[in-house]
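Chain U is fixed; fit chain P onto it per the hints.
2 protein chains.
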Amino acid sequence: MNNKGVLTVISGFSGAGKGTIMKALLKTYDRYALSISATTRKPRVGEEHGREYFFISRDEFESMIAEDRLLEYARYVDNYYGTPKEYVVNNLNAGIDVLLEIEVQGALQIKEKFPEAVLVFVTPPSAAELKKRLVGRGTETMEVIEQRMARAIEESEWMKAYDYLLINDTLDECVKQLHETIQSQRYRASQCDELIAEMQKELKEL
Amino acid sequence: MNNKGVLTVISGFSGAGKGTIMKALLKTYDRYALSISATTRKPRVGEEHGREYFFISRDEFESMIAEDRLLEYARYVDNYYGTPKEYVVNNLNAGIDVLLEIEVQGALQIKEKFPEAVLVFVTPPSAAELKKRLVGRGTETMEVIEQRMARAIEESEWMKAYDYLLINDTLDECVKQLHETIQSQRYRASQCDELIAEMQKELKEL
Numbered sequence: 096m097n098n099k100g101v102l103t104v105i106s107g108f109s110g111a112g113k114g115t116i117m118k119a120l121l122k123t124y125d126r127y128a129l130s131i132s133a134t135t136r137k138p139r140v141g142e143e144h145g146r147e148y149f150f151i152s153r154d155e156f157e158s159m160i161a162e163d164r165l166l167e168y169a170r171y172v173d174n175y176y177g178t179p180k181e182y183v184v185n186n187l188n189a190g191i192d193v194l195l196e197i198e199v200q201g202a203l204q205i206k207e208k209f210p211e212a213v214l215v216f217v218t219p220p221s222a223a224e225l226k227k228r229l230v231g232r233g234t235e236t237m238e239v240i241e242q243r244m245a246r247a248i249e250e251s252e253w254m255k256a257y258d259y260l261l262i263n264d265t266l267d268e269c270v271k272q273l274h275e276t277i278q279s280q281r282y283r284a285s286q287c288d289e290l291i292a293e294m295q296k297e298l299k300e301l
Numbered sequence: 096m097n098n099k100g101v102l103t104v105i106s107g108f109s110g111a112g113k114g115t116i117m118k119a120l121l122k123t124y125d126r127y128a129l130s131i132s133a134t135t136r137k138p139r140v141g142e143e144h145g146r147e148y149f150f151i152s153r154d155e156f157e158s159m160i161a162e163d164r165l166l167e168y169a170r171y172v173d174n175y176y177g178t179p180k181e182y183v184v185n186n187l188n189a190g191i192d193v194l195l196e197i198e199v200q201g202a203l204q205i206k207e208k209f210p211e212a213v214l215v216f217v218t219p220p221s222a223a224e225l226k227k228r229l230v231g232r233g234t235e236t237m238e239v240i241e242q243r244m245a246r247a248i249e250e251s252e253w254m255k256a257y258d259y260l261l262i263n264d265t266l267d268e269c270v271k272q273l274h275e276t277i278q279s280q281r282y283r284a285s286q287c288d289e290l291i292a293e294m295q296k297e298l299k300e301l
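Taken in order, these protein sequences are the chains called U and P. Position in the first sequence counted from 1, then plus 95, gives you the numbering used here. Position in the second sequence counted from 1, then plus 95, gives you the numbering used here.
Simulated from the structure, these hints should not be mistaken for lab results.
In silico lysine to aspartate or glutamate, EDC-like type, Cα no more than 20 angstroms apart, as pairs: (1) U:Lys226 to U:Glu238; (2) P:Lys208 to P:Glu198; (3) P:Lys255 to U:Asp288; (4) P:Lys255 to U:Glu293; (5) U:Lys296 to P:Glu224; (6) U:Lys113 to U:Asp264; (7) P:Lys299 to U:Glu241; (8) U:Lys137 to U:Glu157; (9) U:Lys255 to P:Glu297; (10) P:Lys296 to U:Glu224; (11) P:Lys299 to U:Glu252; (12) U:Lys227 to P:Glu300; (13) P:Lys226 to U:Glu300; (14) U:Lys227 to P:Glu293; (15) U:Lys271 to P:Glu268; (16) U:Lys299 to P:Glu224; (17) U:Lys255 to U:Glu198; (18) P:Lys227 to U:Glu300; (19) P:Lys99 to U:Asp264; (20) P:Lys299 to U:Glu238; (21) U:Lys255 to P:Glu293; (22) P:Lys99 to U:Asp258; (23) U:Lys226 to P:Glu293; (24) U:Lys208 to U:Asp258; (25) P:Lys137 to P:Glu157; (26) U:Lys271 to P:Glu275; (27) P:Lys255 to U:Glu211; (28) P:Lys118 to P:Glu268.
Keep in mind the model is a prediction, meaning the values are calculated, not measured.
Next comes chain U alone, as it looks inside the complex (with noise of 0.2 angstroms):
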């Protein structure tokens, strides 16, 4: 209906498994680029340059900021942290479905300059199976545990403020719902004013 591409912004408690859904997604389905956030902290082992994070420098990014290259960015502590402008537009462009993870406050921000964008918010099924997700893990230590479970209860606040809540239960299931609710978006007739005008005309002339 429309030949550009949709763009969601995925958000969700630690441990609800956005990082999973996103992988599962972008390898089912052939139709989707994931945005890589830029960043000044300093890469960690293992992580890569064009991976995990484009690691620029504070200069770099202050151009960034200053040219209006970025869709969205934040401060934490002394890094910078921020989504490039011009891959999600290009692939958008393209007709490629654009995949952004990022943090509430960023996906607000990237829902003010994209009101198209579609919010989609990830928990587990309930805070019980989330706080045992991140025991679970067995990576981190019970203080951590706690300040990502104080958090969730802050991020919580803004559930509502999404467009869509999917529970993380089955991971095939979520998903399968992930992509059927990217799919949708794509038919609503809010995105359509182009071809509602073609056929309009068209009618008329007949």
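Below, chain P without anything else, positioned relative to chain U:
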């Protein structure tokens, strides 16, 4: 997320293939129920009470209006047509997705009473294709075809009032798109107030 069924109203130009799409949807997936309209007009040859319509008397119809037992109704020439409320509400409450095939004015009445209803407009890929399909049926006189095209012009003014626009180019594709569009309604955050409130409460209690 929300255990209630989704109410979907399908409209579209005569010749868009609504009937075929609905039949295919009902046959392919087992989670839909088709609402049958009530009418005071007499059954035509081959029509069956409870299949094409519930054929009822004018008295019965007017009682239903008086008792607010219709979701929408309209009067064409000398006959009433309307959607009995009970069937729709019972199915939705049982978690079954209900399909209504009604014309534009009825669709807008439904949206007023059920803001969560999803309005889908089905169109052939072009006006020329619409005319081709109407002529191709071979069952209508040119006069009737011209009337339908004139009606299509009127209806096209309302396409923007719909939530979604589906192009019936390939039947299977259109049925799949309709199914995905309907199912994605279940994840709308606006439909998940209870779930969000519960998650917020639970997070704070953990």
